[in-house]
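Trainee: Put together the whole structure using the sequences plus the hints.
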Amino acid sequence: MKITLEQWQTFKTVVDEGSFAKAADVLNKSQSSVSYIIAKLQEQLPVAVLQQQGRKAALTEAGKVLYRQANHLLQQASELEKSAQYLAKGWEAEVTIAADALVPIDVLLCGLQSFSKTSPITRIKLLETTLSGTDEALFTKQADIALTPRVPPGFIGRPLREVRMIPVASLDHPLSRQTEDVSEQDLRRHRQLVVRDSGIKRNQDAGWLAADQRWTVTYLSTSIEAIKAGLGFGFIPEHRIGNELKTQQLKKLTLSNGGERIIPLYLVLASPDNAGPAVKAVAEELSTHLTV
Numbered sequence: 074m075k076i077t078l079e080q081w082q083t084f085k086t087v088v089d090e091g092s093f094a095k096a097a098d099v100l101n102k103s104q105s106s107v108s109y110i111i112a113k114l115q116e117q118l119p120v121a122v123l124q125q126q127g128r129k130a131a132l133t134e135a136g137k138v139l140y141r142q143a144n145h146l147l148q149q150a151s152e153l154e155k156s157a158q159y160l161a162k163g164w165e166a167e168v169t170i171a172a173d174a175l176v177p178i179d180v181l182l183c184g185l186q187s188f189s190k191t192s193p194i195t196r197i198k199l200l201e202t203t204l205s206g207t208d209e210a211l212f213t214k215q216a217d218i219a220l221t222p223r224v225p226p227g228f229i230g231r232p233l234r235e236v237r238m239i240p241v242a243s244l245d246h247p248l249s250r251q252t253e254d255v256s257e258q259d260l261r262r263h264r265q266l267v268v269r270d271s272g273i274k275r276n277q278d279a280g281w282l283a284a285d286q287r288w289t290v291t292y293l294s295t296s297i298e299a300i301k302a303g304l305g306f307g308f309i310p311e312h313r314i315g316n317e318l319k320t321q322q323l324k325k326l327t328l329s330n331g332g333e334r335i336i337p338l339y340l341v342l343a344s345p346d347n348a349g350p351a352v353k354a355v356a357e358e359l360s361t362h363l364t365v
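The numbers in the sequence shown follow my numbering, run straight up by one, and end at 365.
I should point out that these hints are in silico values taken from the structure, not numbers from a laboratory. It cannot be assumed that every hint is accurate.
Unchecked claim - 30 Å max Cα-Cα, derived DSS-like pairs, lysine-lysine:
#, residue 1, residue 2
1, 324, 301
2, 75, 102
3, 75, 129
4, 129, 198
5, 85, 113
6, 301, 325
7, 129, 113
8, 137, 113
9, 85, 95
10, 85, 75
11, 319, 301
12, 95, 129
13, 95, 75
14, 214, 137
15, 137, 75
16, 95, 113
17, 113, 102
18, 198, 214
19, 214, 353
20, 102, 129
21, 85, 190
22, 85, 102
23, 190, 214
24, 75, 113
25, 137, 85
26, 198, 75
27, 102, 137
28, 129, 85
29, 190, 353
Quick caveat, the model's predicted, so the values are computed rather than measured.
Mentor: Here it is as structure tokens:
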């Protein structure tokens, strides 16, 4: 490369400040030094990038294109230096999070977005898990952080919030059209939509599972769509179906025995004693956003 980053930085500053004199002040250089750097740049480029308009240095058409690319180049160089500094401090290149299906994803993503502003170089891997799948991610060290409704033996969990599970069905479902409260006997006569355990052993069940008919799906979103289509009822986190309840695509069933379930959510570190600065920073951001 014939042209140095210093030359591109000087070029950018001259354009941003509008004159050689102001650029010299910003760069803490003499005006003659700035003029020399720009003159050398002009020699090395096959096209002119600046032209004098009175006392101001203005971009040529080619200069406008190269100015945009120089901005991008300088930004990349700055990020490269930051990356080196982070890595020198032991900052992990990647953080893996196992998030149970009960976790409010919109809030989780807000936390990750906040983290990315302080460390854009760290890659995030998000595992969407259910029941024992979240436990397995911790036991096998697939995940650095788990957001889970239960703390596995041998781990310590930080309480975050509670999730309200409510029974719902579509408006035209027979359970929604009942005039009296829905009993467990009524539920048993209809198909229930449940989300399967994502663990390899799949040895956990959760919630009310006494329906004679049951369809099991992989994702909570699929369960919600099936319930909206009138294919059955299900117990769904209230925060996931706020819009569907508001627009009456789904109706909350009134059960004779109450029927709501309150489930706590915890943040668990796979190796709290060995967690690096990136894992700790992600954990703090998620705790801040998810704690109620």
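Trainee: Now look at each hint and say whether the structure bears it out.
Mentor: Here is what the structure says about each hint:
no., hint, result
1, 324 to 301, "holds (9 Å)"
2, 75 to 102, "holds (22 Å)"
3, 75 to 129, "holds (26 Å)"
4, 129 to 198, "violated (49 Å)"
5, 85 to 113, "holds (15 Å)"
6, 301 to 325, "holds (12 Å)"
7, 129 to 113, "holds (19 Å)"
8, 137 to 113, "holds (18 Å)"
9, 85 to 95, "holds (12 Å)"
10, 85 to 75, "holds (17 Å)"
11, 319 to 301, "holds (13 Å)"
12, 95 to 129, "holds (10 Å)"
13, 95 to 75, "holds (26 Å)"
14, 214 to 137, "violated (50 Å)"
15, 137 to 75, "holds (20 Å)"
16, 95 to 113, "holds (19 Å)"
17, 113 to 102, "holds (16 Å)"
18, 198 to 214, "holds (13 Å)"
19, 214 to 353, "holds (16 Å)"
20, 102 to 129, "holds (18 Å)"
21, 85 to 190, "holds (24 Å)"
22, 85 to 102, "holds (15 Å)"
23, 190 to 214, "holds (26 Å)"
24, 75 to 113, "holds (10 Å)"
25, 137 to 85, "holds (11 Å)"
26, 198 to 75, "violated (39 Å)"
27, 102 to 137, "holds (24 Å)"
28, 129 to 85, "holds (14 Å)"
29, 190 to 353, "holds (15 Å)"
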